[in-house]
Amino acid sequence: MKIWIRQHTGASLAALKQILSAPGNFLFNVLVVAVALSLPIAGLTLIENIRPISNQLSIDPELSLFLKSDLSRSNATALSDQIKRLIKNAGTPATVTFVPKEAALSGLQASSGLGDVLTTLGENPLPDAYVLSFEQHFELPTQQSNPAKIEALAAQLQKLPEIDHVQIDSNWIKRLAALMHLAQFVLIALALILGVVVITVVFNATRLQVLSHRAEISVIRLLGATNPYIRRPYYYTGAILGLIAGLTALAIVALALQPLNQAILEFASLYGSEFQLSPLNMTFSAYLLLSSAILGLFGSFLSVRHQVKQLS
Amino acid sequence: MIEFKQVNKHFPPGIAALTDISFSIGRGELVFLAGPSGAGKSTILKMIAAIERPGSGQVLVNGQDIARLNPAALPYFRRNLGLILQDHALLLDRTIIDNVMLPLLISGASKNDALIRANTALEKMNLSDKVNAYPLALSGGEQQRVAIARAIVNRPQLILADEPTAYLDRDNAKQVMNALQAFQASGVTCIISSHDEEFLVNASRVIYLNQGKQCQSWQSAA
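As you go down the protein sequences, you meet chains A and B in turn.
The first sequence runs 1 to 312 under my numbering.
The second sequence runs 313 to 534 under my numbering.
This is chain A alone, in the form it adopts within the complex (with noise of 0.2 Å):
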C-alpha cells in the first residue's frame, strides 16, 4: 500500500513537472477543452434556470371562459349550472370557478406589475369569466391523457351565446414542456459530441506527449519500469487537463453570465420580473468538474494503452 501510495505520489508530480515543462502546450490544450466543454454547460445552466420557473407553474388542464361584457351578473352566474352539465355529459370531471371582472383586475393589477396602467385606464376592460379545472392531469413532458375530450367540450362551451371566447390555458405550458424535453435531448446529444471532441483533443495531446518521451520511455523501461508505471504521469496529466478545462469553461459561462443578465434583467423588468440567470450551484459544478476530469482521464487512457504499446 506504502508502495501504492509513493508511486501514485511520484506520478502525479511527473505529471505537474510535465505540464510546467511545456505550459504554453498545456493551456493551448485547456484552452480548447474549456471551449468545447463551456457549449453544454452554458446550456444545462440555462435549462436549470428555466427548470425551476416551468415545474411552479400549473399544468392542470384548464379552460377559460370569458363571458360577452354586456352580461349581467345574475345572467353570468346563472350560467354555472348549464356549464356543469355540458361537463357531466362531456365526462371530463372538473371544479367550476367563478371569476367576477373585479377580481379578474384585482388579480392582474397585482401579478403583472402593470398597475400604474390598469388604473389610468378608468373603468375595467376585462369580462367576468369562469375558469374549469380539470381533474385529470398531464404528465410532463408526456401528452395529456384525454385532451380531445376537452377540446371538444371547448367546442361545445364557445357554442354558448352568453361566451366570448375559450381558452384553453395549459396548451402553452404544454409547449413549453415539450420545448423544455426537446432542449434536454439537444444538451445530451451536444454533451455527447462534445464530450467525444474533449476525449480527441486530451488523445491528441497525450499522443504527442507520449511520443516526445519516447526515448525516455525507452531507457524507463530497460531499468524495470512496468507498464502501469509507464502510463501513469500521463493519466494524471490527462485528469488534470480535463478538470481545469472544466473549471475554465465553468469561468466562462459564469462571467458571460454578468452581460447576459443584464440583457435579461431589462427584458424582465418590462414585465414586472426580476428573473435573472444564476450560475451552477456547487454540487452541480462539483459534478461537472469530476465528469470532465474523467473525460480527461479516458482521453489519456486511450491514448497512453495504444502509444505504450507501439513503443514496446
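No wet-lab data here; the hints were simulated from the structure.
Note that this is a predicted model, so its numbers are computed, not measured.
By construction, the Cβ of each residue, glycine as well, lies at the ideal position given by its N, Cα and C atoms.
Incorrect hints may have been included.
Claimed, not checked - Chain B side only, calculated, beta carbon under 7 Å to chain A, not exhaustive:
| # | residue |
| --- | --- |
| 1 | Pro387 |
| 2 | Arg390 |
| 3 | Arg391 |
| 4 | Ala401 |
| 5 | Leu403 |
| 6 | Leu414 |
| 7 | Pro415 |
| 8 | Ile418 |
| 9 | Gly420 |
| 10 | Leu450 |
To be verified - The calculated label-pair distances, taken between Cβ atoms and stated as ranges, are:
| # | chain 1 | residue 1 | chain 2 | residue 2 | range |
| --- | --- | --- | --- | --- | --- |
| 11 | B | Ser440 | A | Leu20 | 22 to 32 Å |
| 12 | A | Ile3 | B | Gln469 | 20 to 30 Å |
| 13 | B | Ser440 | A | Val196 | 45 to 55 Å |
| 14 | A | His8 | B | Lys525 | 42 to 52 Å |
| 15 | B | Ala328 | A | Asn204 | 38 to 48 Å |
Said to hold, decoys possible - Calculated lysine to aspartate or glutamate pairs in the EDC-like style (CA-CA distance at most 16 Å, straight line):
| # | chain 1 | residue 1 | chain 2 | residue 2 |
| --- | --- | --- | --- | --- |
| 16 | A | Lys17 | B | Asp405 |
| 17 | B | Lys358 | B | Asp399 |
| 18 | A | Lys17 | B | Asp399 |
Given chain A's structure and the hints, the job is docking chain B onto it.
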C-alpha cells in the same frame, strides 16, 4: 548463471547476427565479449537483458528461458540487471542524482532511501560534486560513470556493459574498468563487450566473436 545453447538470430532481411552460439557464464565471473563491429557482441547483451529474443536455441538466465519470459514479468527481471549502454542512455532533462535514483524509484523505494543510495553510488564513482549537474554539463567519461552508478545502485546480481570505454580517454577508461572489476570482486557477475586490446590482454575470460560466430574463447588459469 547464464547459458547460451546453440543460439541463432537473424535480422530482416535475413542477416545472420548470431550463428550457433553456445557458452555458459558462472556467478561472479567477469567476462569480456570481444570482436569487431557487427560481430554480435551487443546482440548477446541484448538477449541476456531480454531486449532481443533468440531466433532459435535457448538463453537461460538463472535457469529461466528468457524467450518464455512473461511480458508482465520482464520489468521485474530487468530490475536485477545493471545495464550500461554505449550511449549512456541518461535522461538529459534530469539531474545526475535524479538519473541515478530512477531505478530505485521504479522499484518502489522511498525518495529518502533512493537519495541516500544514489549518493553512495555516485560517491563510489567519484561524482559527489556533480549530483545536481545535468548530463550535458559532464564529460563523456563522467557520463559513463553516472551510467555505471545508475547500473549498480539497485545492487544487481548481473552487470551488462556495452562498450563502456568506447568514447573515453585512457584515464577515464581505466577508471571505468577498475570500477567494474571492483563490482566483480564483490561477487557481481559482469559481462562487458569491448574491443579494447589493453583490457582484453589482462582479462580472465574472453569470448571472441566474428560475424555472429563464436570463433574462440579464452580463460585464464587463475
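Structure-based check of all given hints:
no. : hint                            : verdict
1   : Pro387                          : 4 Å, holds
2   : Arg390                          : 4 Å, holds
3   : Arg391                          : 4 Å, holds
4   : Ala401                          : 5 Å, holds
5   : Leu403                          : 6 Å, holds
6   : Leu414                          : 6 Å, holds
7   : Pro415                          : 5 Å, holds
8   : Ile418                          : 5 Å, holds
9   : Gly420                          : 4 Å, holds
10  : Leu450                          : 17 Å, violated
11  : B:Ser440 - A:Leu20: 22 to 32 Å  : 29 Å, holds
12  : A:Ile3 - B:Gln469: 20 to 30 Å   : 22 Å, holds
13  : B:Ser440 - A:Val196: 45 to 55 Å : 54 Å, holds
14  : A:His8 - B:Lys525: 42 to 52 Å   : 49 Å, holds
15  : B:Ala328 - A:Asn204: 38 to 48 Å : 42 Å, holds
16  : A:Lys17 - B:Asp405              : 11 Å, holds
17  : B:Lys358 - B:Asp399             : 14 Å, holds
18  : A:Lys17 - B:Asp399              : 25 Å, violated
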